[in-house]
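**Student:** Protein chains in written order, with numbering that gives the first Met the number 0: chain A, 0 to 324; chain B, 0 to 324.
Any given hint could be a false lead.
Given that identical chains are not distinguished, each listed pair holds provided it fits within a single copy or across any two copies.
Said to hold, decoys possible - List of simulated lysine to aspartate or glutamate pairs, EDC-like, C-alpha gap at most 20 angstroms:
id, residue 1, residue 2
1, Lys270, Glu207
2, Lys100, Asp247
3, Lys5, Asp65
4, Lys313, Asp55
5, Lys270, Asp208
6, Lys100, Asp111
7, Lys313, Asp301
8, Lys324, Asp285
9, Lys5, Glu318
10, Lys5, Glu66
11, Lys5, Asp35
12, Lys313, Asp57
13, Lys270, Asp247
14, Lys184, Asp57
FYI, nobody ran anything at the bench for these hints, they're computed from the structure.
Okay, here's what each chain looks like letter by letter:
There are 2 protein chains.
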Amino acid sequence: MASINKACVIGSGLIGRCWAALFARAGLEVRLFDIDEAQVTTALDAIRDIIAELHDNDLLRDQTVDEVLQRVSGSSNLGDAVGDADYVQECVPEVLDIKRKVFEQLDEVVKDSCILASSTSCIAPSKFTHDLKHSANCIVAHPVNPPHYIPVVEVVPAPWTSELTIETTRAFQLRLGQAPVVLRKEVNGFIINRLQYALLMEAWRLVEDGVATPQDVDTAVSQGLGLRWSFMGPFETIDLNAPGGVVDYCNRYGDTISAVCREQEDTRAMKGTATAATVHAAMRQDVPEDQLKSGARRAWRDRRLAALAVHKHKQAQVEQAVDDK
Amino acid sequence: MASINKACVIGSGLIGRCWAALFARAGLEVRLFDIDEAQVTTALDAIRDIIAELHDNDLLRDQTVDEVLQRVSGSSNLGDAVGDADYVQECVPEVLDIKRKVFEQLDEVVKDSCILASSTSCIAPSKFTHDLKHSANCIVAHPVNPPHYIPVVEVVPAPWTSELTIETTRAFQLRLGQAPVVLRKEVNGFIINRLQYALLMEAWRLVEDGVATPQDVDTAVSQGLGLRWSFMGPFETIDLNAPGGVVDYCNRYGDTISAVCREQEDTRAMKGTATAATVHAAMRQDVPEDQLKSGARRAWRDRRLAALAVHKHKQAQVEQAVDDK
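Let the sequences and hints guide you as you build the complete structure.
**Tutor:** See below:
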């Protein structure tokens, strides 16, 4: 497997900045590209802030801020930015034509072994990576915001993506400290959003059908289901909920679950509905308009995610210490 | 609203013990009932362990273990156990006929203002609380195991449950430190399991259709979606994911989400399926049969839940300190 030592980030927005920080933390030389020189300068300052925050949270792998930061530089010239990069991460707007154009341009300047990864959350890679010289090197690596506190990355190959590209990308994400999940087929919404939408739509029905208030549905997750899910997935959850594991669980409860799920085959419209207005109004009771608009509540969310990342990091260390005994 | 000072727990199994500890922590006098005298004695020892663990985790509200423990006593005589209790929590096996019989017996011995709450996770209260003198006082208060670390409690009234009973139960759960959610209608699975099943069934389809491995689906939750959900629900999540909140989010993404959810109207069988065997085998790679059977992995889960409860408690204190400034 080709080793990845130099990375290039295309696009200097929020996600691009986060990727740059993660790459630099892992010891890579990073070049950040944006058409607009001023944007590059702004982004480099923001990257320093991310790296400093990781340092404050003891998540910089025992490096100093300057050690990590000096690995990052910027350029508004695509060829210079890409250079002989081993890995390029595209972070441009979620517009198919823009993705196509960027991948065509990258195709012309990258070295033959370079992996071309897109950060897209929703566009299948087959839609913008066909007919390229480096099609086999193209893949989606979709992070969740903010990726330095939410490790999962969806790795989505196109039908023509090589196994080497898939495996190299997966291994690279692990090296970054991320948690890659590999899709073996392109599906709408990939897997994270499909899982999220399934839960959201049931939440929606419960409110629309007058079973519970939006706040109480949120509480059922934030003070209930979400606690286990913050460190174990739905399958391990059921595995531990019957003496004999998953097969035993399915024998005991499978028919009941399938029956409830048949009741859930009832998709509702969300856009422009009365339920959207109801849920929106309910959210404004706890988070008034000004806190939403000012970004204060988003800042709260990100503080909580950072604190949880630190908590999980410490838990992993505790478990490692136990295993080592 | 009637004040609740004396509580009785019917059934000395795991959930009964946890309720007794929570009641005692909140300052109530608690009597634990079991037909079998020996079971009562065993349970009282286990309750001491729960209270001691809460103390070790700084979750005993600045009380000593003995202060809290001395509030708990046991009895194998139903009339003595109930006495003049203000609140009875039933924790007998999930068998309708047993629930009916217990509620009939309780109906004969409780004082008229006593609330009769069932811990059932799945039986609608209308099925075992009709034709009782105290029907209006009957309700479900379904905890999630272990309730001292997972606060949510589903409060499910029967059609004849009084508003006073609903509101008193809700307020009482808050006093215990739990997070009550009130169902306004009986639905199969209540709301926690309905939400859980919706996610689980999509996880199931992703594996059955060869999109991702069981481990990767679990990772998508435990290293992704579950992080936010450990402190905010699905509605607040979308509220913060569009500049203008829920209505804006639905305008931007609602049609896409509804389209994906229509693809999910495709319930699969779980019991006795090849997919059950596949998922089971995948789980055994990380947690071998002996760790499952010995309970070692369940103990790990409970340690993580305890650590997360402590983490969340501290986060709440931090936020309170910020609010107080």
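**Student:** Take the hints in turn and mark each one as holding or not.
**Tutor:** Okay, the hints, checked on the actual structure:
In this homomeric assembly, Lys270 and Glu207 come within 20 angstroms of each other (Cα to Cα) only inside a single copy, at 13 angstroms, whereas the closest approach across copies is 31 angstroms. Within a single copy, Lys100 and Asp247 get their C-alpha atoms no closer than 52 angstroms, and across copies no closer than 29 angstroms, so neither meets the 20 angstroms cut-off. In this assembly of identical chains, the alpha carbons of Lys5 and Asp65 lie at most 20 angstroms apart only when taken from the same copy (18 angstroms versus 62 angstroms across copies). In this assembly of identical chains, Lys313 and Asp55 lie within 20 angstroms of each other by CA distance both inside one copy and across copies; the values are 14 angstroms within and 18 angstroms between.
Taking the closest pair of Cα atoms, Lys270 and Asp208 come within 20 angstroms of each other only inside a single copy of the chain (17 angstroms); across copies the shortest separation is 29 angstroms, beyond that limit. With identical chains, the CA atoms of Lys100 and Asp111 are at most 20 angstroms apart within one copy only, with a shortest distance of 19 angstroms there and 75 angstroms across copies. Proximity of Lys313 to Asp301 under the C-alpha cut-off of 20 angstroms is found in both arrangements, the shortest distances being 18 angstroms within a copy and 16 angstroms between copies. In the homo-oligomer, the alpha carbons of Lys324 and Asp285 lie at most 20 angstroms apart only across protomers (19 angstroms), although the nearest pairing inside one protomer, at 47 angstroms, exceeds that limit.
For the homomeric pair Lys5 and Glu318, neither the shortest alpha-carbon distance inside one copy (33 angstroms) nor that between copies (41 angstroms) is at most 20 angstroms. In this assembly of identical chains, Lys5 and Glu66 lie within 20 angstroms of each other by CA distance solely inside one copy; the values are 16 angstroms within and 62 angstroms between copies. Proximity of Lys5 to Asp35 under the C-alpha cut-off of 20 angstroms is found in neither arrangement, the shortest distances being 22 angstroms within a copy and 70 angstroms between copies. For the identical chains of this complex, Lys313 and Asp57 are neighbours both inside a copy (10 angstroms) and across copies (19 angstroms), given an alpha-carbon limit of 20 angstroms.
In the homo-oligomer, the alpha carbons of Lys270 and Asp247 lie at most 20 angstroms apart only across protomers (9 angstroms), although the nearest pairing inside one protomer, at 41 angstroms, exceeds that limit. For the identical chains of this complex, Lys184 and Asp57 are neighbours neither inside a copy (37 angstroms) nor across copies (48 angstroms), given an alpha-carbon limit of 20 angstroms.
Hints 2, 9, 11, 14, counting from the list given before, are not met by this structure.
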